[in-house]
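**Q** Mind docking chain B on chain A? Use the hints.
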Amino acid sequence: MFILNPQSGTPIYRQLIDQVRRMVASGQLAAGTALPSVRELAVEHAVNPMTISKAYSLLETEGVLERQRGKPMTVAVQDRAQVPRTQRLQQLGTQIDHLVLSARQLELTPEDLAKAIRKKWSEE
Amino acid sequence: MNDPYVSVKGLAKSFGEKRVLAGIDATVRAGDVVGLLGLNGAGKTTLLEILLGLSPPSAGSALLFGNPAVAATATAKARIGFVPQNDELIGLFTGNQYLDLIATFYPDWDARFAEKLVAEWGIEARKIILGYSVGQRQKLSIIAALAHKPDLLVLDEPVASLDPLARRQFLQQIVEAATDERRAVVFSSHIVSDVERLANVIWVLKQGQLLWQGDLDTLKESVIRVHTRADAAPTVRARLRRVVAERSVDLSGHKLVALRAPDEDWSDLEQQLGAGAQIERLGLEDIFVELHS
Chain A
32 MFILNPQSGT PIYRQLIDQV RRMVASGQLA AGTALPSVRE LAVEHAVNPM TISKAYSLLE
92 TEGVLERQRG KPMTVAVQDR AQVPRTQRLQ QLGTQIDHLV LSARQLELTP EDLAKAIRKK
152 WSEE
Chain B
31 MNDPYVSVKG LAKSFGEKRV LAGIDATVRA GDVVGLLGLN GAGKTTLLEI LLGLSPPSAG
91 SALLFGNPAV AATATAKARI GFVPQNDELI GLFTGNQYLD LIATFYPDWD ARFAEKLVAE
151 WGIEARKIIL GYSVGQRQKL SIIAALAHKP DLLVLDEPVA SLDPLARRQF LQQIVEAATD
211 ERRAVVFSSH IVSDVERLAN VIWVLKQGQL LWQGDLDTLK ESVIRVHTRA DAAPTVRARL
271 RRVVAERSVD LSGHKLVALR APDEDWSDLE QQLGAGAQIE RLGLEDIFVE LHS
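Those sequence lines, one after another, are chains A and B.
Under this note's numbering, the first residue of the first sequence carries the number 32, and numbering increases by one thereafter.
Under this note's numbering, the first residue of the second sequence carries the number 31, and numbering increases by one thereafter.
For the record, the hints were derived by calculation from the structure and aren't laboratory data.
There could be a bad hint or two in this list.
[As the list claims (entries may be wrong)] Which residues of chain A face chain B? A few of them, derived with a C-beta cut under 7 Å, are:
{"#": "1", "residue": "I34"}
{"#": "2", "residue": "Q38"}
{"#": "3", "residue": "G40"}
{"#": "4", "residue": "A65"}
{"#": "5", "residue": "P67"}
{"#": "6", "residue": "R70"}
{"#": "7", "residue": "N79"}
Beta carbons: idealized from backbone N, C-alpha and C, even for Gly.
For reference, chain A alone in the conformation it holds in the complex (with noise of 0.2 Å):
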């Protein structure tokens, strides 16, 4: 369900919240949705459950997810419209690092990003 590489530089915790925001914000999980216990999630990743429950908490204050005692943790009903724009931006997070990062070892500028940028925009 989850993609997750404890030797990168991103703690696992970080990964986690990524991922959940994005996929709750692309509609890949609908509001509702019970998300795998901190434990199967550790177990399976063979990681260390705190930096699982580290996430979820983070994201049920962002009120991404919800816990209702003894049930698993859900996706929150979301408001979208509620949402900063510049949250939303924030969403996308490590992905523009790496993209800046490969553009600048490509010697691009900002200008040749932002024109691709725009032209796959239209395309879909």
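**A** Below, chain B without anything else, positioned relative to chain A:
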């Protein structure tokens, strides 16, 4: 907050003239999984032995469940599981006989759990231990340390002889143990990727001193490698110096490594360093190497 399971203050250890550990302050609390990293000879085994009360400190204090570790009571010892670097198995016993013997020491021994692991890990428990491979011996030692569900599990290089599949099974067992918030794990390993999966707290021991200790996520968020082109290097270095107060390590001309102080805000570092800099976030292995360069 509850008392820590392990608490050491100003700990030092010397063997004759040779100083092995110095100035160590550290705690282990319920729920912690501590990964102990260090080069060979850094003092990892000595530190673990002192935490467990197997060896007295030369100076400072080492408390185990609130009492001096060397004077640990039988009750305190029953709350510990230890996998030493060199196992203490009895060669002429079969695996089953050995586990039966260990079981008699612990009131909370879970025989079904031990049997389950013996089967899952493919241990030939009816054969005598002398005929075991190094990997089999290591697995048996781990089961002997796990089956009484200790509050504090200490493992010294537990996976050195295990193949990747056996290591993964072992890691999953430790994850299972760590889901119980009353339990704590301290383990040393040269296999940094295992430490990176399992630990939420990292101790880096260098020449007998704790070079870094704290949360793994914080560590990853506190170390960056900055790459610059040769012509931009002086500017980037100067800007980095302004943002990063201390312990910024200068390496070669266009590779800079910075370690963040607790109060520094790095949220807009990219902007502050300007276009000449590329920031790379590091995995634990790279961080470990940089801390030793």
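**Q** Confirm or reject each hint.
**A** Going through the hints against the structure:
no., hint, in the structure
1, I34, "14 Å, violated"
2, Q38, "4 Å, holds"
3, G40, "3 Å, holds"
4, A65, "18 Å, violated"
5, P67, "13 Å, violated"
6, R70, "5 Å, holds"
7, N79, "5 Å, holds"
Hint compliance for this structure: hints 1, 4, 5 are not met, and every other hint is.
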